[in-house]
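> Residues per chain are reported as follows:
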Amino acid sequence: MMPKSKRQRQFFYIIPYGIWLVLFVIAPLVLLVFQSLTTPTGHFTLHNYAIYFASGTYLRMTFNSVWYAFLITVVTLIVSYPMAYLLNQLKQKQFWLLLIILPTWINLLLKTYAFIGLLSKSGTVNNFIGLWGVVPQQLLFSDWSFLLVAAYIEIPFMILPIFNSLAEINPRLEQASRDLGANRWQTLRRVIVPLSMPGVKAGIQAVFIPSLSLFMITRLIGGNRVITLGTAIEEHFLVTQNWQLGSTIGVVLIVAMVITMILTRDRARRSARKGR
Amino acid sequence: MMKKIKWGNLYLWLMFVVLYLPIIFLITYSFNAGKVMQGWSGFSLKHYGELFADTRILEIVVNTFLVALLSSLLSSVIGTAGALYIYNIKHALTKNVFLSLNNILLVSPDVIIGAAFLILFTVMGFSLGFTSVLLSHIAFSIPIVVLMVLPRLQEMNRSLVASAKDLGANNWQMLTRVILPVISPGIFAGFFMAFTYSLDDFAVTFFVTGNGFSTLSVEIYSRARQGVSLEINALSAMMFMVSLALVLIYYVISTRAAKSKKQGTRLVLPASEGL
Chain S
-1 MMPKSKRQRQ FFYIIPYGIW LVLFVIAPLV LLVFQSLTTP TGHFTLHNYA
49 IYFASGTYLR MTFNSVWYAF LITVVTLIVS YPMAYLLNQL KQKQFWLLLI
99 ILPTWINLLL KTYAFIGLLS KSGTVNNFIG LWGVVPQQLL FSDWSFLLVA
149 AYIEIPFMIL PIFNSLAEIN PRLEQASRDL GANRWQTLRR VIVPLSMPGV
199 KAGIQAVFIP SLSLFMITRL IGGNRVITLG TAIEEHFLVT QNWQLGSTIG
249 VVLIVAMVIT MILTRDRARR SARKGR
Chain Y
15 MMKKIKWGNL YLWLMFVVLY LPIIFLITYS FNAGKVMQGW SGFSLKHYGE
65 LFADTRILEI VVNTFLVALL SSLLSSVIGT AGALYIYNIK HALTKNVFLS
115 LNNILLVSPD VIIGAAFLIL FTVMGFSLGF TSVLLSHIAF SIPIVVLMVL
165 PRLQEMNRSL VASAKDLGAN NWQMLTRVIL PVISPGIFAG FFMAFTYSLD
215 DFAVTFFVTG NGFSTLSVEI YSRARQGVSL EINALSAMMF MVSLALVLIY
265 YVISTRAAKS KKQGTRLVLP ASEGL
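Protein chains in written order, with this note's numbering: chain S, -1 to 274; chain Y, 15 to 289.
There's no promise every hint is true.
In silico lysine-lysine, DSSO-like type, Cα no more than 27 Å apart, as pairs [unchecked claim]: (1) Lys109(Y) - Lys2(S); (2) Lys109(S) - Lys49(Y); (3) Lys20(Y) - Lys89(S); (4) Lys2(S) - Lys179(Y); (5) Lys109(S) - Lys91(S); (6) Lys2(S) - Lys104(Y); (7) Lys179(Y) - Lys4(S); (8) Lys60(Y) - Lys109(S); (9) Lys49(Y) - Lys60(Y); (10) Lys4(S) - Lys104(Y); (11) Lys179(Y) - Lys109(Y); (12) Lys20(Y) - Lys91(S); (13) Lys104(Y) - Lys179(Y); (14) Lys109(Y) - Lys4(S); (15) Lys119(S) - Lys60(Y); (16) Lys109(S) - Lys119(S); (17) Lys119(S) - Lys49(Y).
Honestly, the hints are just simulated from the structure, not real lab data.
Using the sequences plus the hints, can you model the full thing?
Structural data, given as C-alpha cells:
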C-alpha cells in the first residue's frame, strides 16, 4: 500500500522534471557534441576537429582566451583577497557584504555600458588624467580596457567565496598562533591563507570559467581585439553560420571547463575535510 | 597596528568607490541636459521624457517582465517537483546522479547553453521568438529553484510527514497541507532567483531570440554597439531602482524567515550571467 502511493507520488514529480532533464539538459548537450561530429549534410566526420587542431588560428585563439582568463582571475584574486580579509574584520560585516553583492544584481549590460562612457576618448577618465597634462588616450577597444572591465564585473564573485571561507575560520586559531609567537605576517601566511584555500579555489572556479566564455565585453569594450572561446562560438553560430565548427569550439570550451573544475575541486575537498 | 588598520580602511573605501563609481556615473548622466556621457550641461529630465515616449522600449520592458514572471513561476513549479523527487530518492548513487544532472546548466557557460538551445530549437523545427526565449529561461532557472528548495526539505522534520500519513492524509493532502507550507520560503527564494536570472540574462537570450523579439539586455546591447544614448542611462537608473527594490524585498523577507526559523535562506549571488 505504502510503496504504491510513494511510487505514484514520485511519478507525479518526475514527469515535469524528467521532461526538463531530457529535453533541456541531456538533448542539447548531445546535439552539440553530435553537431561537432557531422558535416553540414549530416554525415559523420572528424573534419571539424581536424580543422580546429590543424589551424594555428584556432589554437592561438584558444591559448589567448585561456591566457586572458588567467590574467582576469589573477587580477581579481589579488584585489579580492585583501578586500575579503578586511571585510571580515569589520563589525557590521553582513551589511558590507551586501554592498559588495548589490552591484551583481545590476544588469551586466548596463555596467559595461557605463565603461563605454567612462573610457571613451573624450570621456571622464581622459578628462581626469588630462588635468595632469596627459594627452587623451584611446582607452576603449584595448586589451587593458577589456581586462579592467572583465575584472570589475568578476570581483564580487571572487570576494564572496573567500569571505565565506575566512568567516568560517575559528578566531581561536589566530589567537593560538599569536600566543605561540607567530607575528602578524606569519599568522597570515601559515594559518589564515592555507585555511581559506577552499574559498580561493571556489572563487577561481567562479571567475575563470565565465572569463573563458566572455563574448559581450570583447565586442563592446575590447573592440574585437581579444577573441575568446565565447566570442568564437558566437561568431560561428550567429555570424558565419558554421554551426559544426562552432559546436567543436563549444566542446573544447566544455573540456576546458571540466579540467578547471577538476583542478579546483580536488584540493578544495581535501582542505574542506581538514577544516571541519 | 593603528596605522595598519587605517591603511586597510583606506583600501576598503577605495574599493567600494571603484565598485559603485560606474553605476553612480551612469545614473548621474541620465540627468544631463546634454547628449553624451561627458561634460555636464545642466540638470534635465528630458531623457526620461524620451524614454517614456519610446514605445519600442516600453514594449520591450513589458516583454522582459512578462518573460521573467512566467519563467520564474513555471520554473518554481517544475523545480519544486524536481526537488521533491530528488529528496525522495533513497539510493545515494542515484541521488548524486540526479544532483549532477541538475547542476549541469548552472555551471555551463551561457554561450554553451545558448548555442545548444539554438541547435535544439532548430532541430525541433521551433521558430525563434517569445516562446523559445521563455522556454530557455524556464530551463536555465529550474536548477537554481531545486537548489533553493532542497535544503528546506532536508531541514523538514520527517515525523511531520509520517504523522500526516498516520492520520490518513493522502498524497495530495500531504503535499499541500504539510510539505508545501514548510518549504515555502525555499520556493519563494527560488522564484526570486529565477526572476532575477531571467531579468539579467543576456547571452542565452541573444542566441535564441530570433529577429522579431527582444528583451532589455539584448536591446541595450544592440543600442550600445551603435554608441552612447542617454536614454539608456535613464533606463539604467530605472532598472537600478527595480534591482534595489527587489534586493530589499528579498532581504526583508529572508531575514524575517531567519528570525522565525532560526536559519534563513541566504542571499545568493546571481551567477555571472551573460558574459
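> Does Lys49(Y) sit within 27 Å of Lys109(S), going by the straight-line distance between their CA atoms?
holds, 19 Å
> Tell me if the straight-line CA distance from Lys109(Y) to Lys2(S) falls inside 27 Å.
Distance ~20 Å between Lys109(Y) and Lys2(S) Cα, so the pair holds.
> Are Lys2(S) and Lys104(Y) close enough, with their CA atoms no more than 27 Å apart?
Between Lys2(S) and Lys104(Y) the Cα gap is close to 15 Å, so the pair holds against 27 Å.
> So if I understand the rule, the pair passes when the alpha-carbon distance is 27 Å or less; does Lys109(S) with Lys119(S) pass?
holds, 18 Å
> Regarding the pair Lys104(Y) and Lys179(Y), is the alpha-carbon distance no greater than 27 Å?
holds, 19 Å
> Going straight from one Cα to the other, do Lys179(Y) and Lys109(Y) come out at no more than 27 Å?
Given pair Lys179(Y), Lys109(Y) holds - Cα atoms ~24 Å apart, limit 27 Å.
> Assess, step by step, whether the Cα of Lys119(S) is no farther than 27 Å from the Cα of Lys60(Y), and give holds or violated.
holds, 25 Å
> For the pair supplied as a hint, Lys20(Y) and Lys91(S), confirm whether the alpha-carbon distance does not exceed 27 Å.
holds, 17 Å
> Measure nothing beyond the straight line between the CA atoms of Lys4(S) and Lys104(Y); if it is 27 Å or shorter, mark the hint as holding.
holds, 12 Å
> Need the status of pair Lys20(Y), Lys89(S): alpha-carbon distance at most 27 Å?
Measuring from Cα to Cα gives roughly 15 Å; hence the hint holds.
> For Lys109(S) and Lys91(S), compute the direct alpha-carbon distance and say whether it is at most 27 Å.
Given that 27 Å is the threshold and the Cα spacing comes to 25 Å, the pair holds.
> Compare the distance between the alpha carbons of Lys49(Y) and Lys60(Y) with 27 Å, and conclude whether the hinted pair is satisfied.
holds, 10 Å
The structure meets every hint from the earlier list without exception.
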